[in-house]
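Student: Per the numbering used here, numbering of the sequence shown is gapless, rising by one per residue and ending at 782.
Misleading hints may appear alongside valid ones.
[Stated by the list, open to error] Keeping only pairs whose Cα atoms sit at most 30 Å apart, straight-line, the calculated DSSO-like set for lysine-lysine is:
id: 1; residue 1: Lys-770; residue 2: Lys-636
id: 2; residue 1: Lys-636; residue 2: Lys-682
id: 3; residue 1: Lys-770; residue 2: Lys-556
id: 4; residue 1: Lys-629; residue 2: Lys-616
id: 5; residue 1: Lys-682; residue 2: Lys-556
id: 6; residue 1: Lys-542; residue 2: Lys-629
id: 7; residue 1: Lys-570; residue 2: Lys-629
id: 8; residue 1: Lys-571; residue 2: Lys-556
id: 9; residue 1: Lys-770; residue 2: Lys-542
id: 10; residue 1: Lys-616; residue 2: Lys-781
id: 11; residue 1: Lys-781; residue 2: Lys-770
id: 12; residue 1: Lys-556; residue 2: Lys-542
id: 13; residue 1: Lys-542; residue 2: Lys-570
id: 14; residue 1: Lys-570; residue 2: Lys-682
id: 15; residue 1: Lys-571; residue 2: Lys-770
id: 16; residue 1: Lys-636; residue 2: Lys-542
id: 17; residue 1: Lys-556; residue 2: Lys-616
id: 18; residue 1: Lys-556; residue 2: Lys-636
id: 19; residue 1: Lys-770; residue 2: Lys-682
By construction, these hints were calculated from the structure, which means they are not laboratory data.
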Amino acid sequence: MFEDKIHDFLRVTSMEACKDTSRSRGEAPPVLKKMAEESNRCFPLTDPALLPDIPCNLMEIFECRESVRTYSSEPITTKELSTLLWCTQGVKMELSNGKTYRNVPAAGGMHSLETYLFIQHVENFEDGLYRYMPYEHALAQLWLKDSSDIDFSEAFPNRTMVEHSAITFVWTSVVERLSYGYGARALRYAFLDAGHVCENLYLAAQALRIGVCAVGAFDDELLNRLLSVDAEKECAVYAATVGKV
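All chains should be built: construct the whole structure from the sequences, respecting the hints.
Tutor: Structure (structure tokens):
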């Protein structure tokens with residue numbers, strides 16, 4: 538029964554069941570920074586200090602925030618993209634232990650999430666898949682749309698939103714970063730962290746008059762393959778389509 542599976546999940550991820558962890562055994566913590574491959578072209582984004590202030594009414598943003606599933610063909614500007622990434626995963630300060638202060642909360646300050654962008658309508662960027670490098674505030678180009686033999690939208694049941702979006706955000710979790718301190722309970726925190734990030738995307742996009750729709754339905758195996766990640770170590774947990782309205 539489905540209810541039994543829920544109870545089993547809550548039991549095996551309870552704090553009592555997850556006391557024995559790599560951290561409690563005194564093992565070294567995992568690396569928190571994912572480096573770009575030598576073959577990846579890297580593109581610096583607008584320095585956060587140079588991003589323009591956005592006058593806004595906070596209560597209006599909360600009231601008007603909604604999921605938008607239909608987008609125009611107008612491209613996202615590079616400054617708008619920089620703003621969205623800074624607001625969702627931007628590093629405010631790097632600490633001596635490798636941890637970072639960012640614009641979103643994260644379990645244990647481990648920031649297990651990695652941000653991938655399937656870009657189709659962004660100024661000065663070729664269509665294709667990129668990964669955000671938060672420490673550098675830059676994008677690493679992974680592959681171009683024309684070079685892939687698989688349509689990225691095939692990983693999503695609602696293909697239309699992806700096909701017509703300017704960008705599809707995909708967040709993965711590098712589970713070791715969380716399991717180091719929390720064991721199996723890391724599964725809970727990975728999805729909670731993704732929710733924090735996606736809500737920041739909604740609010741930042743609303744201030745910019747850009748549409749967003751969170752996406753939880755996708756083909757896990759296909760999407761992980763398109764991202765070129767080993768699902769046992771890093772797996773997709775959430776996505777969102779973005780575009781001008």
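Student: Does each hint fit the structure? Answer for all of them.
Tutor: Okay, the hints, checked on the actual structure:
| no. | hint | result |
| --- | --- | --- |
| 1 | Lys-770 to Lys-636 | holds, 19 Å |
| 2 | Lys-636 to Lys-682 | violated, 34 Å |
| 3 | Lys-770 to Lys-556 | holds, 21 Å |
| 4 | Lys-629 to Lys-616 | holds, 18 Å |
| 5 | Lys-682 to Lys-556 | violated, 45 Å |
| 6 | Lys-542 to Lys-629 | violated, 40 Å |
| 7 | Lys-570 to Lys-629 | holds, 15 Å |
| 8 | Lys-571 to Lys-556 | holds, 27 Å |
| 9 | Lys-770 to Lys-542 | holds, 23 Å |
| 10 | Lys-616 to Lys-781 | holds, 14 Å |
| 11 | Lys-781 to Lys-770 | violated, 34 Å |
| 12 | Lys-556 to Lys-542 | holds, 22 Å |
| 13 | Lys-542 to Lys-570 | violated, 34 Å |
| 14 | Lys-570 to Lys-682 | holds, 26 Å |
| 15 | Lys-571 to Lys-770 | holds, 12 Å |
| 16 | Lys-636 to Lys-542 | violated, 34 Å |
| 17 | Lys-556 to Lys-616 | violated, 44 Å |
| 18 | Lys-556 to Lys-636 | holds, 22 Å |
| 19 | Lys-770 to Lys-682 | holds, 25 Å |
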